[in-house]
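Asks: Letter by letter, the chains look like this.
Protein chains: 2
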Amino acid sequence: MRRTFNFLLLTFNYFNMKDLKQYIETNKDRFLEELFGLIRIPSISSEEAHKPDMYKAAEYWKKTILDAGADKAEVMETEGNPVTYGEKIIDPALPTVLVYAHMDVMPVDPIDLWDSPPFEPEIRDGKIYARGADDDKGQGFMHAKAFEYMVKTNQLPCNVKFIIEGEEEIGSPNLRKFMEEHKEMLKADVILVSDTGMIAPDIPSITTGLRGLSYMEVEVTGPNKDLHSGLFGGAVANPANVLTKMLASLVDDNGKITIKGFYDDVEEVSPEERAEMAKAPFNEEDYKKALDVEELAGEKGYTTGERTGIRPSLDINGIWAGYTGEGAKTVIPSKAYAKVSMRLVPNQDNVKVSKLFEEHFKAIAPKTVKVKVTALHGGQGYVSPINIPGYKAAEKAYTDVFGKKPVPVRSGGSIPIISTFEEVLGIKSILMGFGLESNAIHSPNENNPLEMFFKGIETIPLFYKYYAELMK
Amino acid sequence: MRRTFNFLLLTFNYFNMKDLKQYIETNKDRFLEELFGLIRIPSISSEEAHKPDMYKAAEYWKKTILDAGADKAEVMETEGNPVTYGEKIIDPALPTVLVYAHMDVMPVDPIDLWDSPPFEPEIRDGKIYARGADDDKGQGFMHAKAFEYMVKTNQLPCNVKFIIEGEEEIGSPNLRKFMEEHKEMLKADVILVSDTGMIAPDIPSITTGLRGLSYMEVEVTGPNKDLHSGLFGGAVANPANVLTKMLASLVDDNGKITIKGFYDDVEEVSPEERAEMAKAPFNEEDYKKALDVEELAGEKGYTTGERTGIRPSLDINGIWAGYTGEGAKTVIPSKAYAKVSMRLVPNQDNVKVSKLFEEHFKAIAPKTVKVKVTALHGGQGYVSPINIPGYKAAEKAYTDVFGKKPVPVRSGGSIPIISTFEEVLGIKSILMGFGLESNAIHSPNENNPLEMFFKGIETIPLFYKYYAELMK
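These protein sequence lines map, in sequence, to chains A and B.
Residue numbering for the first sequence follows the numbering used here, beginning at 1 and increasing consecutively.
Residue numbering for the second sequence follows the numbering used here, beginning at 1 and increasing consecutively.
Excised from the complex, chain A in its bound form:
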């Protein structure tokens, strides 16, 4: 019965755009209030103190999915933070879409650079300002509300499963095991993810490639205690000086990473493909102006787009040693630390790269210091073809809403779990992102334009429509 009903909808009355827009307009204040409830939970996965907030966020997602019309939803334990799973199976014969999102967010420091408290969402100039406004509470929530629309109006054309995890920002250390243990439950035809961006509000794009990640922490120990820099300065290796030398040597003057074997598995992109990529709109002057830098920097021989899209990179994400307070302290610190991450491109294995980094870093350490290297987290890169039904459905959906065919782009960012989904479950992911560069994810004053939030809710049901049609 339901099957027939859905079939009828598909054929005759399917997704009246006017009705969809009307539904969003009627419910938008409620949508925002519900999203704000989620944002107010400070679910920072990298800080142990926020463990209880992870459970609060998981319960909030469970209620959200159930209220939207799921048959069932539950908070499931892992060895780390919980996962919220929910589903609505309308007909086993219909295709199944697995929606992935994450409920955890990045830390908020430097807190003094925020114009409003990060966990008290505020609307200013048509944008939601809050940690998680985009990444990934804002984008994840679009799926809950699009799902609600399809259920409440009896227009759901596919089975839907939700998996909302709580450790994406720390590299999803427990989700692989969770997938392996729940392969049957997570069975689907396609994974739909909104955790990426578009080029601009008027230039829709779909991310087809993601870089992998290898994130390391290093500790360099010199003398066994802090020393007076006058009495010992010049006679004892200062671990802060040594660390700067070691880190400085990791990238050469041509922007090449010097770690032995680092480029061995890097997939070289053909000149033809690079020519194709070069067609993507990019204005270097605007880019520099937006960042307020006089010159860009990076690997010689590659464009800015290539440097983040098809080439690996190495960044110091944090460094600290000695006295960092007000005024002067004449100390030679006993220890110096840094967090260093490498973005990897397809074919590079993050475990192998972490190992290469560790070996290299230890090899270049002078005998004046002791070195400790820890791999904090990592993930593989990902590439999606653009001729599969999932991609095609997304392409059509964006075209309907934004009036332009989306551009396929390779993003510099990493969502390590995407390659794990393919590896463990054998399912491709469609990265249907609605984030803008100006959303400042991971930074102070993260935001999300209301317009993009509502356009996302509008686009998603169209994906379901076209996907169901293409899979018939």
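Not one of these hints is a red herring.
On the chain B side, residues computed to face chain A include the following (Cβ under 8 angstroms):
{"hint": "1", "residue": "Pro223"}
{"hint": "2", "residue": "Ala235"}
{"hint": "3", "residue": "Lys329"}
{"hint": "4", "residue": "Lys339"}
FYI, nobody ran anything at the bench for these hints, they're computed from the structure.
The model shown is predicted, which means the values in this text are computed figures rather than measured ones.
A virtual CB, placed ideally from N, CA and C, is assigned to each residue, including glycine.
Starting from the structure of chain A, add chain B where the hints point.
Replies: Chain B in isolation, oriented as in the chain A frame:
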């Protein structure tokens, strides 16, 4: 009358060592309790929040000097922290000793490495543990108690003036002006300072040279906000990466500082003098073992003693950028900072060197970043001859108490104000230090062996005795 009385003492009954030791033994618990009262005041001069503590410490010193027998003592304002001045003028015809010490202390972080709270002095294994136990509350207090002994037993052979300042650890920014405004008040024949160390408890030494200091802070700005290291990594200069490259380049592989013109004014010490210095006892294996380092490092062609005694050095005293908390945050920081200090040797001018550093640092900055350089503080180096009465008196006093003639040494540390005393007041300083290397000044668990504290009190009256005799 008083004059005659003192003369008699000088001739017949002067400084019975047994009586001096007995006085210390009888009063030692009170001495310690009084010192602890001073230590308990957290007079950290580099932290604005401790401003009121500077006044408490100044008042405490005023009471200490008056109780010990001064004619007068007062807390005097400067544009920064106050100065405590006190004096006892027994006869204008007698020589005058100006005692200099400082009441301010270094910050206490990393606080978690202290075994007991830094401002709650504790005696363990015969040592006082506390911030300031040595530098310079412990050593300064010896002078107050030695003075007390001489006054209470009517054996003071010289006029005495005390100047206790509150900004030594931040480079005495206001003391030059204070000196210039109070030249007459501060008139003296010699300045006596206990703010340095001895080679070992059984190897007394007197510091005859101090290095100068130029202490800088640098700020490197890349993009105008923190960026996601995935989306931007490889395409935008990361200021933390840039800062490590810039800092790493400041000292070359031979341990030579690369700042243009840096060595221009460095006084080259003659081979003969270096041969003389090489006779000072030094065991490299013990030194390495004490610091738990496998190898030492420094300027090629110089010994460890020379590297801190007669050669300049450059150290990173602090560095910070990006995410330094628990776990991983994939951020490209907008700004990176470092505190860098250079120890200077005689003839190098700290103002000139700070200028050279600033010019050099700006010159090596790539166009991808903006650079800000601030000179935090500085001071000139100092050399004292060993044939003046002050040195000779100190030499005899140490010999009496320690049973060995002290070795003259050039210290790597800086007491910038010492060269200013000479410049403004025209008075040489005698650096009569009793600190040991193991006292961990400026570090967690700063300490001072009780034995050294009491031996200091014993040595100082003997200095007065011999100085008065030599000046007759």
